[in-house]
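Colleague: In the order they appear, the protein sequences are chains S and G. For reference, each letter of the first sequence is one residue, going 1 to 245 in the working numbering. For reference, each letter of the second sequence is one residue, going 246 to 301 in the working numbering.
Heads up, a few of these hints could be off.
Unchecked claim - These stretches of chain G come out as covered by chain S in the derived footprint (C-beta under 8 Å, 3 or more residues):
#1 254–268
#2 283–290
Unchecked claim - To give a feel for the contact side, a few chain S residues facing chain G, derived at Cβ under 7 Å:
#3 Ala80
#4 Ala110
#5 Tyr176
#6 Glu201
#7 Leu230
#8 Arg232
No wet-lab data here; the hints were simulated from the structure. Positions of the beta carbon are idealized from the N, C-alpha and C atoms, including for glycine.
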Amino acid sequence: MNWTWLHKFASPPHAYRLAGRLAPWFGWPAFLLIVVGLYGGLVLAPPDYLQGDGFRIVYVHAPSAWMSMFVYGTMAVAAAIGLVWRIKLAHAVAAAAAPVGAWFTFAALATGALWGQPMWGTWWVWDARLTSELILLFLYLGFIALRSSIEDRDRADRAGAVLAIVGVVNLPIIHYSVYWWNTLHQPSTLTRFGKPTMAGEMLWPLLMMLLAFTLYFAAVLMVRLRAEILRRERNASWLKAELGR
Amino acid sequence: MSGNGFFAMGGYAAYVWPCFALVIALLIGNALAARSLHRRAREEALRRLDSGQDRP
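Use the sequences and the hints to build the structure in full.
Modeller: This is the structure in structure tokens:
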């Protein structure tokens with residue numbers, strides 16, 4: 001198979017311009033969906049029969065938790081592409097994604113603690129779901145620290161990629177932890193097969209928020225990727241043309 | 246606060262609002278951080294171009 005198209009696609013000037021064009025197309029729909037989703041979740045959805053208005057935390061907790069895993073998956077796939085095909089742009093994507101994923105993981109843990117306290121009577125338990133999510137945060141922080149500790153960029157890319165790929169093991173553990181082990185954490189609200197365990201008027205704001213956060217991440221990733229490309233690029237001719245010097 | 250149904254969140258205000266405030270602040274913060282990262286990378290690249298450090 002001929003991979004030249006991939007390398008052309010992954011050329012810094014092309015990627016820089018494409019990311020710049022795409023960012024608003026992700027960002028604005030994300031913004032609108034978040035506004036509508038917040039209104040739906042906070043105002044339109046009825047209170048839960050068990051948890052009252054406390055269940056509304058799901059509208060920020062579940063999307064944050066979903067993003068903590070989605071961003072990690074994106075990062076690991078990009079890192080693997082970077083390792084296998086030696087595409088620097090893929091490593092740049094992984095490096096650009098990591099801090100955003102770490103923040104979402106922090107948000108999932110913090111909103112989870114704020115939800116756990118009134119519902120379970122505790123901020124934290126060392127059970128499988130919560131512990132594996134905490135390990136995910138450490139994987140992100142380890143990835144960021146490892147990259148920044150290595151001076152040579154190519155070596156930092158490769159070492160970071162290995163860590164990111166090894167850490168993928170944690171994703172199915174997080175997902176299935178609520179089924180494999182006893183836990184206070186409730187099982188997934190949404191499953192690929194079978195009906196969602198939520199009424200429609202509660203469900204649509206959640207689906208909107210999940211989509212919105214995913215689009216938001218795509219937009220932020222595009223902007224961060226542009227910064228990453230500029231930092232890495234040492235070929236003056238296209239930079240001159242692109243930056244107008 | 247108890248007088249206002251919406252802001253009282255059925256007694257869960259102390260948990261619900263910090264969650265939403267945290268996540269919204271995080272969304273805004275990450276977006277602004279990305280923009281300033283790009284702006285700084287751009288300024289840095291321009292400085293490099295002016296000082297002729299990059300290969301032509």
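Colleague: Next, verify each hint and record whether it holds.
Modeller: Structure-based check of all given hints:
no.: 1; hint: 254–268; in the structure: holds (count 11)
no.: 2; hint: 283–290; in the structure: holds (count 6)
no.: 3; hint: Ala80; in the structure: violated, 24 Å
no.: 4; hint: Ala110; in the structure: holds, 6 Å
no.: 5; hint: Tyr176; in the structure: violated, 25 Å
no.: 6; hint: Glu201; in the structure: violated, 17 Å
no.: 7; hint: Leu230; in the structure: holds, 4 Å
no.: 8; hint: Arg232; in the structure: violated, 9 Å
In summary, the structure is inconsistent with hints 3, 5, 6 and 8 from the numbered list given earlier, while agreeing with the others.
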